[in-house]
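*Asks:* Here is how the chains run, residue by residue.
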Amino acid sequence: MKLSRQQFETMAVEQCDLLYRVARRLTRDSHQASDLVQETFLRALRAYETFDLQGHGIRPWLVRIMQNLHFSRSGREKRQPVLMDTVPLEHGQRGGTADPFAAQIIGWEGMDERLVRALKELPPDYQVALHLWAVEEFSYKEIADSMDVPIGTVMSRLHRARKKLGELLHDYAIEEGVIRE
Amino acid sequence: MAQKELEEFDEPGLKRAIRRVWADEVAPFELRARVSAACDQFSPHATSTAARIPLMLRLRSPLYGLAAAAVILIALGLSLRYWHGPSNKSLALTLPGTLAADLVARHDSCVQLPDHHGPGFDRDDFAKIGNEMEQKLGFPVLSSNLTGSWTFHGASVCFVGNIRSAHLVFERDGKQFLSFFSLPPTAVKNSSDGAEYAEVDDRHPLAGFSTPAGFYCIVGSSTDGSLTLDQVRSMRDRLRPDVAAADTSLPFHVLAMH
Numbered sequence: 000m001k002l003s004r005q006q007f008e009t010m011a012v013e014q015c016d017l018l019y020r021v022a023r024r025l026t027r028d029s030h031q032a033s034d035l036v037q038e039t040f041l042r043a044l045r046a047y048e049t050f051d052l053q054g055h056g057i058r059p060w061l062v063r064i065m066q067n068l069h070f071s072r073s074g075r076e077k078r079q080p081v082l083m084d085t086v087p088l089e090h091g092q093r094g095g096t097a098d099p100f101a102a103q104i105i106g107w108e109g110m111d112e113r114l115v116r117a118l119k120e121l122p123p124d125y126q127v128a129l130h131l132w133a134v135e136e137f138s139y140k141e142i143a144d145s146m147d148v149p150i151g152t153v154m155s156r157l158h159r160a161r162k163k164l165g166e167l168l169h170d171y172a173i174e175e176g177v178i179r180e
Numbered sequence: 000m001a002q003k004e005l006e007e008f009d010e011p012g013l014k015r016a017i018r019r020v021w022a023d024e025v026a027p028f029e030l031r032a033r034v035s036a037a038c039d040q041f042s043p044h045a046t047s048t049a050a051r052i053p054l055m056l057r058l059r060s061p062l063y064g065l066a067a068a069a070v071i072l073i074a075l076g077l078s079l080r081y082w083h084g085p086s087n088k089s090l091a092l093t094l095p096g097t098l099a100a101d102l103v104a105r106h107d108s109c110v111q112l113p114d115h116h117g118p119g120f121d122r123d124d125f126a127k128i129g130n131e132m133e134q135k136l137g138f139p140v141l142s143s144n145l146t147g148s149w150t151f152h153g154a155s156v157c158f159v160g161n162i163r164s165a166h167l168v169f170e171r172d173g174k175q176f177l178s179f180f181s182l183p184p185t186a187v188k189n190s191s192d193g194a195e196y197a198e199v200d201d202r203h204p205l206a207g208f209s210t211p212a213g214f215y216c217i218v219g220s221s222t223d224g225s226l227t228l229d230q231v232r233s234m235r236d237r238l239r240p241d242v243a244a245a246d247t248s249l250p251f252h253v254l255a256m257h
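Top to bottom, those sequences are chains Z and U.
For the first sequence, numbering that gives the first Met the number 0 begins at 0 and goes up steadily by one.
For the second sequence, numbering that gives the first Met the number 0 begins at 0 and goes up steadily by one.
Pulled out of the complex, with its shape left as it was, chain U reads as follows (with noise of 0.2 Å):
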């Protein structure tokens, strides 16, 4: 097809008019930082800022040695509640802001990739996907595999909203889905120990739980409904002491950073 053939569709005006309405929109801060973040995760020396940075040159500032005092007192502090058992745990946690509608979200669209292994994380030892994870975001991550029919689609750092999580996809029959998220502690700021959260958000049964290190959260869909609050619920409970045990072995440095 002739170049002046084409011309003769050019129509200026047009143009500029849709320009106008059209030209200005940019991409939001928050997905740009998640395109960053996804360059970063298959960049093929990816590792977080924290790894790359040896210990002992972190220590050096005397800020870290106060951090880390600090940690040493707060780590005795929780030893001696976990000692006397925690009074708070039936406690409820309200989520903040659209945080139940981001893992929504999150969850939803990353039930729909075929395969959801993220770069540099094992496929099917998840003790290893926990300890990897844990390296690249610095918290202690839910990291277990589920009996019965469930099928593990892989684990992946997702961005919920503008948060960091580590996620973990699981389908069975190609009709139920669930997601482990782990997200900092930041997430749920001034929640309680131990405190629960269960809600259903978008026909989205969700059911988490915060620990000073972290806060939780499964969240399930399926295409039939079957899968419900109760049975979300359950499970959270029985995975909960993964967690719990992660926790304990983790390093006072790691604590640190937040």
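Pulled out of the complex, with its shape left as it was, chain Z reads as follows (with noise of 0.2 Å):
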């Protein structure tokens, strides 16, 4: 479905708060970020005639160029994903019920702060997918189109940022006895 150029502009900028969100993961940093949302909406706006709004809207593309975008001037000449993410998930870590230190956590409640802290932590692209997942409500599918990534790598990367936060947060889910030990 071909949009005019007023119903694509209308609908990338309502975008804006999450390019700046997902900027803000990749960046981490508000100024670099609104540089970065600016000069995707330039990419965007240029690349307009290829747009061609299908099954998952215009999100995921957008999210790709901004993706697609930061790593370029990173200097990075193509992403390379972590190798460990290409590695299958065995079937029992699904559910994640194998992880030793994660799957106890039994509520995420009062945990802001200190949770805000673990998340800093966690590499870009754990961030980017998680962000995607939790805030944006992206389906699998819509992240791995974002992230130009499997499936299984995106389930991968989330089942892995979790595992990552639970152990950093670890010590404090048993102070406040959110934790079965």
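Hints are supplied without guarantee of correctness; some may be wrong.
Stated by the list, open to error - Derived CB-CB ranges, DEER-like:
id: 1; chain 1: Z; residue 1: 2; chain 2: U; residue 2: 134; range: 29 to 35 Å
id: 2; chain 1: Z; residue 1: 5; chain 2: U; residue 2: 22; range: 15 to 21 Å
id: 3; chain 1: U; residue 1: 144; chain 2: Z; residue 2: 150; range: 48 to 54 Å
id: 4; chain 1: U; residue 1: 191; chain 2: Z; residue 2: 63; range: 46 to 52 Å
id: 5; chain 1: U; residue 1: 97; chain 2: Z; residue 2: 10; range: 31 to 37 Å
id: 6; chain 1: Z; residue 1: 169; chain 2: U; residue 2: 18; range: 19 to 25 Å
id: 7; chain 1: Z; residue 1: 71; chain 2: U; residue 2: 28; range: 26 to 32 Å
Read the hints as simulated data drawn from the structure, not as lab findings.
Don't be surprised by glycine CBs; every beta carbon is placed ideally from N, CA and C.
Hints are included, so try docking the two chains, each in its own frame, into the full complex.
*Replies:* If you want it as structure tokens, here you go:
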């Protein structure tokens, strides 16, 4: 489905907050995030003719532009997924039950401050995957399209991000009684 | 992969917690303005609001008459000053707030673009570029070519902080980069006519000057530190007459916008 330029601009501008939030995850800096969002819009507007509204809409398309722009700007010729991302998860891990730490956290309430700190320690790829999943409510397919990776890699990243969070918050979770020892 | 299998991974508690700490972030107003300007710039019928309104309609309001009279008086005053020679040409100018940092940030961002040519602007005729940008922005623009081995990467309307500016980008040997910025006079309020500015900010040499119609600044950078403040300052002094020439050709109705 081909959009008029006006429709396209309206749809794109509506995603300004989403793009800014994702840019914050990628750059970890508000000024750089703003610049990245602006450049993403410029790229998107230049590429308007190539955009075709399909099943997943404009959001993954814009995030993908942002990702590519960010990684090309930060000097990587090509985004290199961490090798462990490509290793298939063992069957039992899909539900997270094989995780010795994170799986036992029984509540995330009251951990916001610690959680913010722990989230900041995650690699940008993990942060973006978690963000798109939790905040923007992207489907796994949309996250995969946005990050230009297979769905299995999205699941790996989410799983490992959660595991890492569990490790980072382990001691605090015991103190607060939100973990079973 | 079955949807059921994917859903098994879901964890509502973690999702809610992440949403609590991340979902409140919204794009700053200044960024929204930049995005709107980008859309405006790329619109096939993009012209400034002032340009869309016929001149006679703009002059119908009595306020425009008063403004025009004030401008004529100011212009007469300025002419007298020019005839007698500016007495404060070497006054030092201090940039307000974060303007220097904003100039550097815009420079760093734009020099990375493979193509900086904005839509609607000529690609190599610097007189045309100057006129087109002046029409769009409402103030005279520094639009000059550089001799030597400098390559022109394009001219575009870019935001410096939240100020719309004319921005020309040049590159030499992939190592040195220059930006010519033209900003409205309101960017450096209370500056004296002819006041000069030069400093190094975050390893970028900057040299500028103000006129009653605008503030002009050259920002440089180099991968090997080969571009010095002295070089940029002398470049500014060489190019300065180009802006003075554009300034005298400025129609009164354009000055009245400021």
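*Asks:* Please go over all the hints and tell whether each is borne out by the structure.
*Replies:* Do the hints match the structure? See the list:
no. : hint                      : result
1   : Z:2 x U:134: 29 to 35 Å   : 30 Å, holds
2   : Z:5 x U:22: 15 to 21 Å    : 29 Å, violated
3   : U:144 x Z:150: 48 to 54 Å : 52 Å, holds
4   : U:191 x Z:63: 46 to 52 Å  : 50 Å, holds
5   : U:97 x Z:10: 31 to 37 Å   : 32 Å, holds
6   : Z:169 x U:18: 19 to 25 Å  : 22 Å, holds
7   : Z:71 x U:28: 26 to 32 Å   : 28 Å, holds
Checked against the numbered hints listed earlier, the structure breaks hint 2 alone; every other hint is satisfied.
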